[in-house]
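Sequences listed follow chains A and B, in order. Numbering-wise (my numbering), the first sequence opens with residue 1 and increments by one. Numbering-wise (my numbering), the second sequence opens with residue 1 and increments by one.
It is worth saying that the hints were derived from the structure and are not from the lab. Bear in mind that the values here come from a model prediction, so they are computed numbers and not experimental data. The reader is advised that the hints may include incorrect statements.
The following residues of chain B were derived to be distant from chain A, with all beta-carbon distances above 10 Å [to be verified]:
(1) Val-80
(2) Arg-106
(3) Gly-221
(4) Lys-265
(5) Ala-320
(6) Leu-393
(7) Arg-409
Partner residues aside, some chain A positions facing chain B, computed with beta carbon under 10 Å [stated by the list, open to error]:
(8) Gln-36
(9) Ile-79
(10) Ala-105
Covered stretches of chain A (in silico footprint by chain B; criterion: 3 or more residues with CB under 8 Å from a CB of chain B, positions within the stretch not fixed) [as the list claims (entries may be wrong)]:
(11) 16-25
(12) 59-69
(13) 261-269
(14) 280-287
(15) 335-346
We put the beta carbon where it would ideally sit given N, CA and C, even for glycine.
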Amino acid sequence: MNSALAAVLLVLLGGILFTLPMLPALIELRLKRDAQPLDVVQQYAGEIRHFSFGFRSYITNLLEPLRECVSSGTTAQGIMPDGDQYLLLGCADDMHFVTAGEISATCQSVVAAGMDVVLPNGITFAKEVYAAGEFTGGEKSMFRALLGEKDIHLKPSSTVIRWAHAVGAFRAERDCDLYGRISSDCEIQLESGCAFQRLNAPRIVLGRLDAEETTVSTETVPTTLPDGRRLVDEDLEIQAGEIVSANIVTRGRLHIGAGAQMLGSVKSHQHMTLEAGVNVEGSLISASTMRIGPDCRITGPVIAERGITIESGTRCGSVQVPTTVSAPTIEIEDGVTVFGTIWARTEGQVVPRG
Amino acid sequence: MMLYALFAIVILISIYTARHYLFTLNRLFGFQRHPYIDIDTASWPPVTILVAAHNEEKVVAHILSALMGVNYPKDKMLVVPVNDRSTDRTREIIDHFCEDYPGRIRPFHRTGGKGGKAAALKDAMELVKTEVILIFDADYIPGSGLIKQLVAPFFDPEVGGVMGRVVPLNVGTNLLTRLLDLERSGGYQVDQQARMNLRLVPQHGGTVAGVRLSALREIGGWNDDTLTEDTDLTFRLLLAGWKTVYQNRSECYEEVPETWQVRIKQIMRWAKGHNQALAAFGLKILFGKHRATLRERIDGFWLLGVYAMAPLTMIAWVLALGLFYEGVAPLQGVIALLAFTAYAATGNFAAFFEIAAAVRLDNTRQRVCLLPFLVLGFVVSIFSVSRACADQLMAPITGAQFHWDKTERFRTTP
Chain A
1 MNSALAAVLL VLLGGILFTL PMLPALIELR LKRDAQPLDV VQQYAGEIRH FSFGFRSYIT
61 NLLEPLRECV SSGTTAQGIM PDGDQYLLLG CADDMHFVTA GEISATCQSV VAAGMDVVLP
121 NGITFAKEVY AAGEFTGGEK SMFRALLGEK DIHLKPSSTV IRWAHAVGAF RAERDCDLYG
181 RISSDCEIQL ESGCAFQRLN APRIVLGRLD AEETTVSTET VPTTLPDGRR LVDEDLEIQA
241 GEIVSANIVT RGRLHIGAGA QMLGSVKSHQ HMTLEAGVNV EGSLISASTM RIGPDCRITG
301 PVIAERGITI ESGTRCGSVQ VPTTVSAPTI EIEDGVTVFG TIWARTEGQV VPRG
Chain B
1 MMLYALFAIV ILISIYTARH YLFTLNRLFG FQRHPYIDID TASWPPVTIL VAAHNEEKVV
61 AHILSALMGV NYPKDKMLVV PVNDRSTDRT REIIDHFCED YPGRIRPFHR TGGKGGKAAA
121 LKDAMELVKT EVILIFDADY IPGSGLIKQL VAPFFDPEVG GVMGRVVPLN VGTNLLTRLL
181 DLERSGGYQV DQQARMNLRL VPQHGGTVAG VRLSALREIG GWNDDTLTED TDLTFRLLLA
241 GWKTVYQNRS ECYEEVPETW QVRIKQIMRW AKGHNQALAA FGLKILFGKH RATLRERIDG
301 FWLLGVYAMA PLTMIAWVLA LGLFYEGVAP LQGVIALLAF TAYAATGNFA AFFEIAAAVR
361 LDNTRQRVCL LPFLVLGFVV SIFSVSRACA DQLMAPITGA QFHWDKTERF RTTP
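Sequences and hints are given; from them, build the entire structure.
Structure follows, in structure tokens:
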């Protein structure tokens, strides 16, 4: 091979090796296969009822035939435009879900009940369920998703996989597993042993309340964020009964003694403990974990980056001032009330009083 | 001497590279902090939204329209378009919106005074009565839930500033917009979020952002002597013991420059402003008596130095070349290290692995193919930033005054 040819080949080879990695780039630049802006959701604002609203639109065309089924006391079946089967219940009849002798069954259809309905035990609903009247699920049942135009009542050991929304009250008896979003326009009640992730209602009752706690709070609280703050670089102890009128930020642990009144917001970088009867007018923030003792009153958001334990008799927010309680793990004792949202990213649990 | 200088620069660049690797690995495998994003129910505080607008007739209607549609309580939200000496139809458009939404928009028309966004915001503070202030540039388009997301961190009494994520809208226009889209992904999805995760110093970006009024007053208000009021604000808040937090899921569309001239002007202004902050806070953040933690001091210092790395990288290449012809050996290892690391340490230029990780986290696939073209952006950045630094160093001799260059808009659709 002469040297000229070798040089040409070298340049050619070099050119190919240089161009090769650029080929995908050139193709993408030319074809613009992925040149759309990132999908920033402009309208969906984190609304917990997003999926239930979507489902209600999805079944709009079934509502008229459902009313006809109710008036004639019959049932009907069919196929939705997307290919899913549906079952319209115009009368209470367990035989659509279980046959004699069966102790469990799976329903593969979207179910719409036009009247009050009480379902048998042990059924798995692989598709969404709609109830125009009062809805009562059977024990050990599993629901993909539930929309109730009135109250929803789940019997013990039931499971919701994705979401449930009740226009009336939502009640889950002991040991239910409520994954995803559970919401109500009135009230949510969860009994001891229930697990949850995201709950939203004007009033959320965990476990059973003492008699005096069942009255609805009517106090109003100013909505301005307080000015002024006290920065502490180490552990801090607020004495029992002390009244603190500034925002508090501590880089260590924070211990608030029984009956203390915190008129601003409170933050700790490490573990925070509130003893019994503490009143916090602002928010409670912990960069670690937090334990809220019995009978506390918290007005603002309650946020912990690791986990929260809330003891019996505590109330977060009020009817007029709803709030959010959020942490990766949340453990709430029987007898706690939250007005607004509880959001446990990993898992929340209602536990018996300690 | 030349050899020691080269070693010193390569060590600095290597530290930046290690820092970028740390951020990328943290973002891919570490614990992700989004502590305030779940606050969806609260007694929302009153908020004032400042919209900085200087000759923004092409875009200002879009942001005002978007803000009128957000899901924040209407009686607790006041929009203040800060019309800074506009000579186009900006004033007319703003006044038209005021008529359409009485009581919800209160314009601040500025006809004179010092130039620049910080000066305009400073003057507009006379209209601000609320503890929470949000700031947008006029080319941004906030989504429905964004205002609540940006306000939520202020329930934390330690938070003085909030920053959301900037997402380019005009991605597909040309090669530049596509490269800027990649850079923004790396810068926000990985760099800012990693600094949030690691409790370092997320940077206030001055738009899609918020500041607490009492914190702003405590640090002396807006500084109108700086070209980047956002970097200045970040460090003054930090020194006073206030945190700036980053909300990666609080995303907002923006318009990125579509021509290289506009991009070069933009990055030169950022570089000059950032270097101003380096001169003002560099030593103070490291050694001063203030409330920043040790990790914030270290990260803050490196953050301040990012734009100084471009001229240092160029100097390193010149030194390496000189030493090579001087016959100083063995230099191969140092040059290889320089070649490997230089790419990760220029301006706010995210390293290629950081961008690749960001693209993966954003769940987009094909755009990562454009990574090789980032070399072009790298070259433009390194020369632009170096020129900006040289201008700054020469300013005392030449007597040149810093002036604020507005970023040109390109939007044409209504």
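These are the hints, each one checked on the structure:
1. Val-80: holds, 19 Å
2. Arg-106: Label holds. Min Cβ-Cβ 19 Å, cutoff 10 Å.
3. Gly-221: holds, 16 Å
4. Lys-265: holds, 23 Å
5. Ala-320: holds, 22 Å
6. Leu-393: holds, 36 Å
7. Arg-409: holds, 16 Å
8. Gln-36: Given a least distance of 7 Å, the restraint on Gln-36 of chain A holds.
9. Ile-79: At 33 Å from the nearest chain B Cβ, Ile-79 of chain A fails the 10 Å test, so the hint is violated.
10. Ala-105: Violated, about 37 Å.
11. 16-25: holds (count 4)
12. 59-69: Not satisfied, violated; 0 residues make the cut.
13. 261-269: Holds: 4 residues of the segment 261-269 of chain A have a Cβ under 8 Å from chain B.
14. 280-287: With 4 residues close enough to chain B, the hint holds.
15. 335-346: That given contact holds, which follows from 4 residues of the segment 335-346 of chain A lying within Cβ reach (below 8 Å) of chain B.
Hint compliance for this structure: hints 9, 10 and 12 are not met, and every other hint is.
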